[in-house]
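Dock chain B against chain A, hints included.
Each chain, letter by letter, is given below.
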Amino acid sequence: MLAAASLTDVLPEVDPGPEYSFGGSSELATQIREGAPADVYVSADPRLARALARGGLTSAVADFGANRLAVVVPADNPASIREPADLARPGVRLVIAQEGVPVGDYAREALRRLDLATALDRVVSEERDARAVVGKVALGEADAGIAYATDVEAVGSGVRAIEVPSAAQPRIGYAVAIVRDGAAARAFVARLLGAPGREVLREEGFAAP
Amino acid sequence: MRRGFELLLAVAASVTIAFLVLPLVALFLRVSPAELLGQLGSAAAVEALLVSLKTSAIAHVVILLVGTPAAYFLAMRRFPGRDAAIALIELPLVLPPAVAGIGLLAAFGRRGLLGEELTVLGISLPFTQAAVILAIIFVASPFYVRQAIASFEALDPEVLEAARTLGASSRRVFARVALPMAWAGLSVGSALAWARGLGEFGATIMFAGSLQGVTQTLPLAIYAELDRDFTTALALGGFLVVISVALLLLVRLLPGWTSSTSISLFRFARSSSGSTSA
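Taken in sequence, the protein lines are chains A and B.
Going by numbering that gives the first Met the number 0, the letters in the first sequence line up with residues 0 to 208, in that order.
Going by numbering that gives the first Met the number 0, the letters in the second sequence line up with residues 0 to 277, in that order.
Hint data in this document are derived by calculation from the structure and do not stem from the laboratory.
Hints are not guaranteed to be accurate.
[Claimed, not checked] Computed Cβ-Cβ distance ranges for the label pairs, DEER-style: (1) ALA182(A) - ARG1(B): 36 to 42 Å; (2) ALA189(A) - VAL119(B): 55 to 61 Å; (3) VAL119(B) - ALA74(A): 21 to 27 Å.
[Stated by the list, open to error] These stretches of chain B come out as covered by chain A in the derived footprint (C-beta under 8 Å, 3 or more residues): (4) 108-120; (5) 217-226.
[To be verified] A partial selection of chain B residues facing chain A, derived with a Cβ cut-off under 8 Å: (6) PHE4; (7) LEU7; (8) LEU104; (9) PRO125; (10) PHE126; (11) ALA129; (12) SER209.
Where a beta carbon is used, it is the ideal one built from N, C-alpha and C, also for glycine.
This is chain B alone, in the form it adopts within the complex:
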């Protein structure tokens, strides 16, 4: 009886892993490593890679700089409406990317909510790299912020209290105690947000459009190549998979992070399942 149940669990795990990995295996069966490397010679691929790395890196810096203190505040303070605020932060996780794109247009487009104000300032966001960065921040930041909130909440309150009673200012408690202790969880959230940002597609194509060397990121280049050369699209897809896997592995392999990493990844995955499709 018990063995039967164990077997059932093992089968479920195998099916899950096989289903998730099969498309990736199929991708690499269709693209030889030579074709993959050959893409490095194509201008469209290289420019898309550069646009992707630049926009996602800038977006990531913004996410970390604003998201970390925001998450700390939401994790440590109790105030009316706190649950609602956290729910709002999670909203982009479950929003279809096309809706995110329309929303960004409705807010920052020429005819959007802030359109006139931006025009007065001489700023026009659609079709620019700034629009790509905004789209990435919108869809990727919740991955980091919610993980950061969970990491800060998991800190032992007595340790923080001890630091305070020893005379540390709240800024010092944040920088010297909370940040280092939450580091592992923050890193996982950071890697996931970056990976999600690199894969961002739907909001970008609606809000920023697609132009080689300007707004065409790797996912947009893959989409564009589907119309021209399926092999190139496959190779670019393989390229993106390699980069994303490298990012996630980096987090897993860094020494000392393993145990807490798996716990927080698990917590993350459980509470955001079904929301990562792009």
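Next up, chain A with everything else stripped away, as it sits in the complex:
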């Protein structure tokens, strides 16, 4: 099972059986294109999954779950960030994910919608996935980051989430596709899309699609 890093805490609870490899959705897509052995691909960007499906590399794609972006700050909030607009203040050290990975593109879209393009000048590092963004903030090296709300909750102590207004939230959904057809792959997808998956997703703070 190749799965988006933001689902690290979710999938083993949905189904503890399979072996998971978590990573950035686009990196995982690259691995599948390069022929990495995988049964199922779970992506934080449905477009990536659909591109693989169009290339004949996976089965049809099913959507599930939804997530939100949040601004994440260290618990002691050294730069006194109270709202997204504070991210554009001079001297703030902001960390986001790089362009081309879902959470990085979503963050840029949210900043655009908030009319905060200047916040991009405060970016001191571009990370590979949402977990790495939260990590740099949790270490206290960055003043703020933009990641999935569920990642901030998962890290828990050491960081705090600040709401991004709904109007600025991009549509963030997950998608699953079967790479190598088989009983195990089908059973996993059925669990994920069925009641067990929905329940764990709700518990971990994900919304319905």
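Here is chain B on its own, set in the frame of chain A:
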């Protein structure tokens, strides 16, 4: 019987070489020279190359200026704890790069051991080129220093003693006798350290982050491109291989160095095997 053994050795050597070279061959089979050169037109690649060359060059100057006298001291003097000191210098060779990165953060990060002192001085290291340079020095300097220690230790003590009895000061013995005699070994260590510095990845991404034109070195750019365009990542990888091979060849091809070079390279390789993965 004897021929069988010879054959066995030859097979082992072939397997070793094939295993080490295969990934590189595969890389170049996937990237055409045109694609490789095409990368020179991409801003990300050029900026990464410039960041890599600048940071690794500065790191290298520091490594040579501090590492050479340090190695000379450790090679020539006997004092309690000397073995432990040399072992400590070798530690970064076997440390996983991620551990090196965490260690650097724990020491020089905002919340690190020296964080407050640095903040008072108005210095903030993470996410800067200075952080990239520190990371390179940390992982690459042992490659030079341990080679330099071995080179100084291999000098004929009688020659150094003769220079001293002829009235040369110890500074003069170092500059006029020890340095020129150890030159070949020092050059090999220097090239290896630079090549290792150019390839530095794990400690850099943890301690310095990754931002194009600032802290994104070639290896970090390759990692970033894996998410965007595999062909670009391959081409950048090929680029880095060409530079590293050129560095090592330069050392090998310089006249007069060949014999001692192979000996010291061998000595180096034997005692640090398994520690160069990044």
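Verify this for me: three or more residues of the stretch 108-120 of chain B with a beta carbon less than 8 Å from a beta carbon of chain A.
holds (count 3)
Against chain A, is LEU7(B) within 8 Å by beta-carbon distance?
34 Å, violated
Take the shortest C-beta to C-beta distance between PHE4(B) and chain A; is it under 8 Å?
39 Å, violated
Chain A contact restraint on ALA129(B) - CB to CB distance below 8 Å
Not OK, violated: ALA129(B) not within 8 Å of chain A, min 13 Å.
In this structure, is the beta-carbon distance linking ALA182(A) and ARG1(B) contained in 36 to 42 Å?
57 Å, violated
Report holds or violated for the interface hint on PHE126(B), using the least CB-CB distance to chain A and a cut-off of 8 Å.
PHE126(B) check passes; min Cβ-Cβ to chain A is 4 Å, inside 8 Å.
Between VAL119(B) and ALA74(A), does the C-beta distance stay in 21 to 27 Å?
23 Å, holds
Given PRO125(B) as an interface hint, is its Cβ closer than 8 Å to any Cβ of chain A?
For PRO125(B), the interface hint holds, since the closest Cβ of chain A sits about 4 Å away, which is under 8 Å.
Quick check on a hinted range of 55 to 61 Å for ALA189(A) and VAL119(B), using CB atoms only.
59 Å, holds
Within 8 Å of chain A's CB atoms, at least three CB atoms from the stretch 217-226 of chain B: coverage verdict
holds (count 4)
Hint status (Cβ of LEU104(B) to nearest Cβ of chain A, threshold 8 Å)
6 Å, holds
Classify the hint on SER209(B) as holds or violated, based on whether any CB of chain A lies nearer than 8 Å to its CB.
6 Å, holds
Hints 1, 6, 7 and 11 from the earlier list are contradicted by this structure; the remaining hints agree with it.
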